[in-house]
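Starting from the structure of chain A, add chains B and C where the hints point.
Here are the chains, one letter per residue:
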Amino acid sequence: MTSTKTNPGNFFEDFRFGQVITHATPRTVTVGDASLYTSLYGTRFAVQSSDTFAKAIGYPRSPLDDLLTFHVVFGKTTPDISLNAIANLGYANCRLLKPVYPGDTLSSVSEVIGVKENSNRETGTVYVRSTGRNQDGDVVLEYIRWVMVRKRDNDSPAPEAIVPDLPKRVEPAEIGAAVPPLTMDGYDYDLAGSPYRWGDYEVGEKIDHVDGMTLEEAEHQIATRLYQNTAKVHFNQHTEAKGRFGKRIVYGGVVISLARSLSFNGLANAFHLAAINGGRHVSPCFAGDTVYAWSEILEKAELPGRADVGALRIRLVAVKDRDCSDFPLKTEDGKYAEGVLLDLDAWVLLPR
Amino acid sequence: MTSTKTNPGNFFEDFRFGQVITHATPRTVTVGDASLYTSLYGTRFAVQSSDTFAKAIGYPRSPLDDLLTFHVVFGKTTPDISLNAIANLGYANCRLLKPVYPGDTLSSVSEVIGVKENSNRETGTVYVRSTGRNQDGDVVLEYIRWVMVRKRDNDSPAPEAIVPDLPKRVEPAEIGAAVPPLTMDGYDYDLAGSPYRWGDYEVGEKIDHVDGMTLEEAEHQIATRLYQNTAKVHFNQHTEAKGRFGKRIVYGGVVISLARSLSFNGLANAFHLAAINGGRHVSPCFAGDTVYAWSEILEKAELPGRADVGALRIRLVAVKDRDCSDFPLKTEDGKYAEGVLLDLDAWVLLPR
Amino acid sequence: MTSTKTNPGNFFEDFRFGQVITHATPRTVTVGDASLYTSLYGTRFAVQSSDTFAKAIGYPRSPLDDLLTFHVVFGKTTPDISLNAIANLGYANCRLLKPVYPGDTLSSVSEVIGVKENSNRETGTVYVRSTGRNQDGDVVLEYIRWVMVRKRDNDSPAPEAIVPDLPKRVEPAEIGAAVPPLTMDGYDYDLAGSPYRWGDYEVGEKIDHVDGMTLEEAEHQIATRLYQNTAKVHFNQHTEAKGRFGKRIVYGGVVISLARSLSFNGLANAFHLAAINGGRHVSPCFAGDTVYAWSEILEKAELPGRADVGALRIRLVAVKDRDCSDFPLKTEDGKYAEGVLLDLDAWVLLPR
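Residue numbers (the numbering used here), protein chains in the order written: chain A, 1 to 352; chain B, 1 to 352; chain C, 1 to 352.
Because the hints were derived from the structure by calculation, they are not lab data.
Even for Gly, the Cβ is constructed at its ideal location relative to N, Cα and C.
Incorrect hints may appear among the rest.
Coverage of chain A stretches by chain C, computed from C-beta distances (three or more under 8 Å per stretch; other residues unrestricted) [said to hold, decoys possible]:
no., region
1, 50-64
2, 88-100
3, 186-195
4, 217-224
Isolated chain A, as found in the complex (with noise of 0.2 Å):
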């Protein structure tokens, strides 16, 4: 007797605007989630690494780091969201909204916002937001993503087409919420690692990051499980060797969270992500891969009422396998240049 219990992950059809959906198992992060995502990345920024460091600015100790909220939040989303996704089409608004502490609970709940078809009538996009609450039901971190879901049958009709409304950048008067109010005579610029503060940045000035960090198949795996994220494509190379590329696919997560790790060397006073405008994983990475980043500084903005942090909007770039001394990303015909692994538009916070 063959059991039904097992989850087949959602098709096209199954999701319906306004649908909101409660993912699974909560989670509970702790120190040991800290050490494991430092071990696995090596970041370095003072705030997160030192809770010496953060009380003497005014955090209780210190937080955790913004995308291993995000990693965990998402994680959740992948068994209902994306278990039958040929694609991760995009981010937008994508908001970190409360710190997050060791010993917090996190649990996410995504709403769908948009259904659209696509002409071949196989596959449909879905837009979701999803949500990452706290123990006390506080909303930790939210963002939109819309992904290519294929049809459970390609006969089912088409549901009314509807596509939210994306924001192009998340308007600087929407961020820093979890960033608490700081005293900023407290922060040590030499134990922070730079001198380098807000007003040192210009709109237009690129930093090559310039470490490069190869990135083995087992530690992307220790951190996509670390997130309980069971997208099949990082983890079984029994199926991925009859696959597209013979090979496991590294989340493309770890590969944010290695450039903004290395993007420590240039932006070491950047030490809050507070959201993500949107984001592209312009080709896949490997384990073998050697990951480097560079940035542009796109945009910078006062926060309404705040004086002890400013907002530098950034497009953080991936590369892998050559050095960002010439700051790759396009071709003169506007394709992405080889190697280009992801292009991220995001805003930073860092002392004023």
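What follows is chains B and C alone, placed relative to chain A:
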């Protein structure tokens, strides 16, 4: 001057019926171990993942994964019991008896409950009952294990053969002590990841757990060292290259944990592994293997005096490099099918 | 517009006698780090493994492994001291001065205590005394290290040569501060894993630690990032492929930790590494190498005013891809034998 202070391990002659062996290196288990356990196996059972979820049903906080307890208690026994073992022959009567929380300190003691020389006079079978205790001296885990151990000297006289009575299965009345009385109206089936309770499963039901996980050398070594298991075959490529398989052998407990973790897909509410009735490592697992799993419901049992949880006796089968849609187990001649790694008989508990 | 905000590292000309460098990124060390340390090296010393064991002899709880403290303090110095280093020439006078517990925050400062240009005028030797402190400003670790550093410009004038007096060994009166006064009647030798105390070892005794551990690329990278060590040679296969060895070089501290961990088999009661008198990384270690170790007792010392612990001065030798039953060290011509990785001279403490 050469020292004789290293541990040569025990040979068959060193084990005497009734002997009690206190194993070295008690271990305080922490949230750090819990994070590593999640990162190594991707386990998703809500009770062990979320303090909030655990508290809502009556735990003081999230208990550690039952198999983490097993591996830590087991690991301590390896330097004394199995350093000169040729084969790990079996397990019986393994019961989890008390929840283990971060901060608890585990230690292990083994009692020799049987010895029997083999007819070749070169080896013998040793039966031990190993007991794991917490810092208060409470027994948290108990199991019987038998191993084939080399003799130091083939001419040593054979001891009187004593073979203990080994129960084929743990009685339902003997399981569940590691689960406090729970208030199941606090159990959220959405957060747990499945609507199926104890009553929804039927004897004979077979569940393909669908997903596969490819194991890397670094992963099983990190796992096995976490348990302070010292068995040489898992760690030393220099000697294993000349050995029977030409490579390191994955600790069998890693396969059990992977299979248990994969079983979430179909058995998400089986939040507690209460007992192992018996188990066989059918064939060795190596780095590079992709592990799949399936389960069969062998038996259902109520627990005396408990309305909160019910027990399912499952056969949990792990297989490598093939999916489990046809539930691979044995061939027509009664031998295990190619690729079968593990055939485990266990009791798991679910909400009623 | 290209940024100049990245860290180019210091060149020989940048170091001045008497200069004090505050290193970036203080680090709160936690039970998460302790778990990772265990999982990476399989260490089994009872004092660092069990709160219960540690309390029974007078610690408030388990201290962190001494080498974890060393690696974290050392790691912070790499961006400032050794980013442009050609070679790590030596260590001296390394002393553990205070126990470090989970929750403590470590930071590092280095003072330049010597500079000497080399005759080729392309490089120079820089001597630093690095100091690790906890959140209260107490020194937990101190050591001298000297490195060969590239000059920015070969034509820069040579500074006045100053070479510090380097002690050949730490005096016994100067060690042990990191161990509180202990009540050794609470020390359980069964749980510790060996009956041999300080008095049982003899000068000249050689101990083969027997076991070997094969190192994987992911393992040493995870370890070295945990310490926030940024030395490029450990992480970047893309550049190292074109380098001298064609592959990544394992951080020498990983070899020290592996050797120390293997030394449990023969030195199980040497629970504290109190000082490193000197050390040499004889040859590079790479992923795939199997590390073995042996020790020789060089000296025994009582500690002034202490009846609880005694000191053994050991030579701890790590070797790759061969066992240590013949205690490999040097060949007849006085050169190190093939395969020797590490020749470390250290003080360890044992119960008396």
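Hint-by-hint comparison with the structure:
1. 50-64: holds (count 5)
2. 88-100: violated (count 0)
3. 186-195: It holds: at least three residues are needed, and the region 186-195 of chain A offers 5 whose Cβ sits within less than 8 Å of chain C.
4. 217-224: Contact hint for the region 217-224 of chain A vs chain C: holds, 4 residues under 8 Å.
In summary, the one numbered hint that this structure violates is 2.
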